[in-house]
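K.L.:
Protein chains in written order, with our numbering: chain Y, 487 to 921; chain F, 136 to 626.
None of these hints come from the bench; they were simulated from the model. Positions of the beta carbon are idealized from the N, C-alpha and C atoms, including for glycine. Certain hints may be false.
As the list claims (entries may be wrong) - Reference listing, derived: stretches of chain Y covered by chain F, where coverage requires no fewer than 3 residues with Cβ under 8 Å from a Cβ of chain F:
1. 531–541
2. 591–597
3. 677–691
Stated by the list, open to error - So the derived list for chain F, only partly shown, Cβ under 8 Å to chain Y, looks like this:
4. Ser139
5. Ile456
6. Leu471
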Amino acid sequence: MAITAPLPGKPDRTSIIRKGIGRRYAAERRFRFFGIAAIVFALAFLLFLFGSILSNGYTAFVQTSFNLNVNLAQDAIDPTGTQRAEDIRKADYGLLARRALAAQLGVNTSDRAAMREIGALLSRDVDLEIRRRVTSDPSLIGQTVPIWVLAHGRIDSLMKGQVDRNLTASQRRVSDQQLAWLDKAEAEGFLAKRFNTQLFTNGASSSPETAGIGVAIIGSLFMMMTVVVLSVPLGVAAAIYLEEFAPKNIYTDIIEVNINNLAAVPSIVFGLLGLAIFINMAGLPRSASLVGGLVLTLMTLPTIIIATRAALKAVPPSIREGAYGVGASKVQTITHHVLPLAVPGILTGTIVGLAQALGETAPLLMIGMVAFVVEYPTTPLDPSTALPVQIYMWATSAERGFVERTSGAALILVFVLICMNLLAVILRRRFERRW
Amino acid sequence: MSTSAIVLGLLIAGLVAYALGAWRARNLIKSTGAKLHSRPGYYGGYLAVWTALPALILTLIWAGAEHTAIRALVKDKLPENVQALSAAEQTLVLGRVNAIARGIPRLSEQDMEVIKRARLGFTTMDEAQRVLQTRGVVMGSAPAPYMITAAYDQATYQTSSRWLSTGLALALAIGGFAYAFSRMGPKLRARNAVESVVVGGLISASTIAVLTTVGIVFSMLFETIHFFQYVSPADFFFGTVWDPRFSAPGRTGEGQFGLIPLFWGTLYISTVAMFVAVPVGLLAAIYMSEYAGPRVRTLAKPMLEILAGIPTIVYGLFALITFGPFLRDAGAGLGLNISASSVLTAGIVMGVMIIPFVSSLSDDIINAVPQSLRDGSFGLGATHSETIKRVVLPAALPGIVGAVLLAVSRAIGETMIVVLAAGIAATLTINPFEPVTTITVKIVSQLTGDLEFNSPQTLVAFALGLTLFTITLGLNIYALYVVRKYREQYE
Numbered sequence: 487m488a489i490t491a492p493l494p495g496k497p498d499r500t501s502i503i504r505k506g507i508g509r510r511y512a513a514e515r516r517f518r519f520f521g522i523a524a525i526v527f528a529l530a531f532l533l534f535l536f537g538s539i540l541s542n543g544y545t546a547f548v549q550t551s552f553n554l555n556v557n558l559a560q561d562a563i564d565p566t567g568t569q570r571a572e573d574i575r576k577a578d579y580g581l582l583a584r585r586a587l588a589a590q591l592g593v594n595t596s597d598r599a600a601m602r603e604i605g606a607l608l609s610r611d612v613d614l615e616i617r618r619r620v621t622s623d624p625s626l627i628g629q630t631v632p633i634w635v636l637a638h639g640r641i642d643s644l645m646k647g648q649v650d651r652n653l654t655a656s657q658r659r660v661s662d663q664q665l666a667w668l669d670k671a672e673a674e675g676f677l678a679k680r681f682n683t684q685l686f687t688n689g690a691s692s693s694p695e696t697a698g699i700g701v702a703i704i705g706s707l708f709m710m711m712t713v714v715v716l717s718v719p720l721g722v723a724a725a726i727y728l729e730e731f732a733p734k735n736i737y738t739d740i741i742e743v744n745i746n747n748l749a750a751v752p753s754i755v756f757g758l759l760g761l762a763i764f765i766n767m768a769g770l771p772r773s774a775s776l777v778g779g780l781v782l783t784l785m786t787l788p789t790i791i792i793a794t795r796a797a798l799k800a801v802p803p804s805i806r807e808g809a810y811g812v813g814a815s816k817v818q819t820i821t822h823h824v825l826p827l828a829v830p831g832i833l834t835g836t837i838v839g840l841a842q843a844l845g846e847t848a849p850l851l852m853i854g855m856v857a858f859v860v861e862y863p864t865t866p867l868d869p870s871t872a873l874p875v876q877i878y879m880w881a882t883s884a885e886r887g888f889v890e891r892t893s894g895a896a897l898i899l900v901f902v903l904i905c906m907n908l909l910a911v912i913l914r915r916r917f918e919r920r921w
Numbered sequence: 136m137s138t139s140a141i142v143l144g145l146l147i148a149g150l151v152a153y154a155l156g157a158w159r160a161r162n163l164i165k166s167t168g169a170k171l172h173s174r175p176g177y178y179g180g181y182l183a184v185w186t187a188l189p190a191l192i193l194t195l196i197w198a199g200a201e202h203t204a205i206r207a208l209v210k211d212k213l214p215e216n217v218q219a220l221s222a223a224e225q226t227l228v229l230g231r232v233n234a235i236a237r238g239i240p241r242l243s244e245q246d247m248e249v250i251k252r253a254r255l256g257f258t259t260m261d262e263a264q265r266v267l268q269t270r271g272v273v274m275g276s277a278p279a280p281y282m283i284t285a286a287y288d289q290a291t292y293q294t295s296s297r298w299l300s301t302g303l304a305l306a307l308a309i310g311g312f313a314y315a316f317s318r319m320g321p322k323l324r325a326r327n328a329v330e331s332v333v334v335g336g337l338i339s340a341s342t343i344a345v346l347t348t349v350g351i352v353f354s355m356l357f358e359t360i361h362f363f364q365y366v367s368p369a370d371f372f373f374g375t376v377w378d379p380r381f382s383a384p385g386r387t388g389e390g391q392f393g394l395i396p397l398f399w400g401t402l403y404i405s406t407v408a409m410f411v412a413v414p415v416g417l418l419a420a421i422y423m424s425e426y427a428g429p430r431v432r433t434l435a436k437p438m439l440e441i442l443a444g445i446p447t448i449v450y451g452l453f454a455l456i457t458f459g460p461f462l463r464d465a466g467a468g469l470g471l472n473i474s475a476s477s478v479l480t481a482g483i484v485m486g487v488m489i490i491p492f493v494s495s496l497s498d499d500i501i502n503a504v505p506q507s508l509r510d511g512s513f514g515l516g517a518t519h520s521e522t523i524k525r526v527v528l529p530a531a532l533p534g535i536v537g538a539v540l541l542a543v544s545r546a547i548g549e550t551m552i553v554v555l556a557a558g559i560a561a562t563l564t565i566n567p568f569e570p571v572t573t574i575t576v577k578i579v580s581q582l583t584g585d586l587e588f589n590s591p592q593t594l595v596a597f598a599l600g601l602t603l604f605t606i607t608l609g610l611n612i613y614a615l616y617v618v619r620k621y622r623e624q625y626e
C-alpha cells in the first residue's frame, strides 16, 4: 500500500496510526485471550464436575462383603423337618451369619458382648440374603455353604477409607476390637470388596449398603415408554400440520407462540399441572410412573415439535413438486416422500427430548415420586420412583453411606444421558444431507 | 370391560375392517370391472375409520368424565349432616367411600353378608372394618353405615357405567361399520374422506400444545383463587414474612405467606448466575464463531453440548457435596464466613449450567450477522476485535438481549440446584454468603410429603407457581418477540 507523504500543515496520519497500532494489537490479543479464557473456564468447570462425581461415586460400584461359611444346620432352620416354605422363611438367619463370622474370627459364640459387636459388622439385611439363597434352593439345608454377605455400611465406609481409621473409636463408630477383626478377616481373605450388583437391582432401603436403583430404573423405563408412545406421534403430527398444512392465520400464530413458550416454561410448572389435572381431577394414583410419563410427555412435546419442523423444513421443495407432478395428493406426498426423508432429523430431536425427560427431576417431585419403594413396580400404575428422583432422595438423606451412592447413581445417569446425546450427534452426522 | 380392553378391541376391529374393506374393493374391481375412485387400501382405511374412530372417541371421553361424574353422584346422595361438612372433610369421606368401593368387588359371599348385616345394624361396624381389612382395604377407624351405602352406590354406578360404555362403544362400532359398508362403491371418494380424517388428526395433535397452556393456566388459577380465600392477595404479594407453619387437618388460616423474601432470593440468585453465564457464554460464543479454527470448534462445541446435557439434579448434587464446601473452605482461607449453601454457591453453579444455553443462542445470532458488515469494517482497517466490538456486537445486540432474557427466565424457573444448594430459610439479606430461598424451593417444600390438600399451606404452591409462570411467560414472549424481529431484519 502506497502511503502518500503528508501534506504540509496537516498532521502525519500514518504516524498517528503507527502510534496507536501497538495498543490496538494488544487489545486484539486481550480480547482473543478473554475468549479462550471463557472456553477454558467452562471446560475446567466441566472437568471439576466430572472429577467430583467420579471421585465421590466410583466406590459405589464395589461393596465390602464377608465370605461366610454358613452352617445351614437342619435343626436351626427347619427343626421339625416340615420342608414347608413358610417354616423355612421363619428361621433366624441373622444368628447363623453371626455364628459363622464368629467361628471364622475365632470368637466364642457364648460371649454376648463380643457377639453383639460381631453382629454390628454385618449388614442389617444379612438375614434376607441368606434366606434368599435357602428358599431358592432348600437342598442346601444341612450343609455348610460359603455365602458372600454384605458388611455394615459403617464398615464399608471404613474399608473404603472414607472414614479415617486413626480417629478415636467413638468418632469412627467402629471399636478397636472390630478393627482388629476386620484386619484379620482381610488378611485371611474372607473380607473383600466385590462388584456391587445389588446397586443395580435393589429398591429403596434405609441401610445404605443394601440400597439400590433397581426400582428407579424400572420406573424411569416405564416413564420413557409412556413418553415415546405419546409424544412422538403427537409431536410429529403437530409438526406436520404446522409446517405443511397450516394456513397463516391467527389460530396457527397462537399455536406457534404457544409451542415456543411451552419449551421455555419452567419444568416445575408442568409438575403442578400434573398434580392438579392428572391426580386431583382425573383421579390417577400418586407416585405412579404413568402420571410421571404424562407430565414428561407434555414437557417433551415442544422439543419434538420444534425438531420435527426443522427436519421437514430441510426437505427441499423439489421433492414435493416431484411427487405432485406424478399425481400424488398432499397427504400422499408427505407420508410417502417428505416424512421418510425427515426421519433422521426427527429421530435426533426425539433422542435429545428423551434425554431431557430422563434427567428431569422437579416435576416428578410434585406428583409424589419421592417415595420409598422397595418392591419392583409391575405396571405403570404401581408406585415407583425415577432415577433422578432417587438421586435427590439420597442426596438429602443424612447417613454417610449414601454419599457415594448418590454420586454413583449420578454417574450412571450422566453416562446414560451422554450416550443418548452422543447417539443423537452421530445420527445427525451420519444422515446429515446437504441438498 | 376396562377402558384399555375396549380400546384394544376397537383397534383390532379397526384392523379387521381395514382388511375387509381392501378385500371388498379388490373384489369390486374383479367382479364388475369398475374403475374405483381410490386405491383399495383407502377403502379399507375408510371402513376402519368409521368402525373404530367414533367408538374410540366416545370411550376416551367417557373414561375421562366417569370419575368426576360418579363422584358427583355419590356426593349428592350423602346424608345431610355429611353434606354440611367442610370441603376438606368431605374429600376425606369420599376418599374412604372410594376405598371401600374398591374393596367390594373383592369380597367373598360370606364377607358380603357381613357387610350387609353391618349396614343394617345387625353386627357392629368394627366387624365390617375387619372383613374389609382382610381384603386389603385398610382404614383408620370403623366406617359409618352411610359410607357403606355410598360405597355400594359407587360400586353400582361403576359397574353400570362400564356396561353402558362397552355397549355404546359396540353399538357405535357396528353402526359405523354398517354405514361405511353400505356406502362402498366405485363412486365413493374414499381417499378424500380418509385424508380429511388424517388432517383432522394432525390439527387436533397441534391443539394439544394450546390445551397444555390452557390447562396450566386454569388449573393454577383455580387453586390460586382457592388460596386467596384463605390469604388476601395483598398479604401474599406484599408480605415480607414467609412463615407458613405446618399443615394439619382442620387447621387453617394460620401462618404468613409473604412473597417478597422468596422473590428477592430468586432474583438475587438469578443475578449472580447471569454475572457468570452472560460474560462467559458470550465470550465463548464470540471466540467460537469469529476466531476458532475448525479443529477447536469440533472439539469445544460438543463439550459445551455435554455441559448442556447434564441434568440439573447432577449440578445440584455437585453444588451440595463439592462446590458448597469448596467455597466455604476457600472463604475461610480468606477470612470470609461463607455458609455451605449460599447465594454464591447456587448462583455460580446455576450460571455454569446456563453457559451453554447463552453461548449456543448467541452463536446463532452472531452467525446471522451478514458477512458484508464485517468486510466493510475490515476494509476500513479495523482489527478483528474492533470489528467485533464496534460492528458485529451492536448489530447482534437485540438478539443477544433476547437470548439473555430467555436465560433469565430459565434461571428463575430452575429448581433442583436451588433446592439442594440455596437453603430453605426465607430471609431478606443482601449478603451473598448467606443462604436464601427461592420460589421454586418453596413450591417443592410445600408439596412434598403428606399434606392436607385443601389448606393454604399446600395451595400456596399453586399461587407461587402461577406467579412463576406469569413472570417467565412475560420474559419469554418479550424475548421471542425481540429475537424474531431481529432475525427478520437481516433476512
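K.L.:
All hints are to be evaluated individually against the structure, with a verdict given for each.
P.N.:
Hint-by-hint comparison with the structure:
| no. | hint | verdict |
| --- | --- | --- |
| 1 | 531–541 | holds (count 6) |
| 2 | 591–597 | violated (count 0) |
| 3 | 677–691 | violated (count 0) |
| 4 | Ser139 | violated (11 Å) |
| 5 | Ile456 | holds (6 Å) |
| 6 | Leu471 | violated (21 Å) |
In summary, the numbered hints that this structure violates are 2, 3, 4 and 6.
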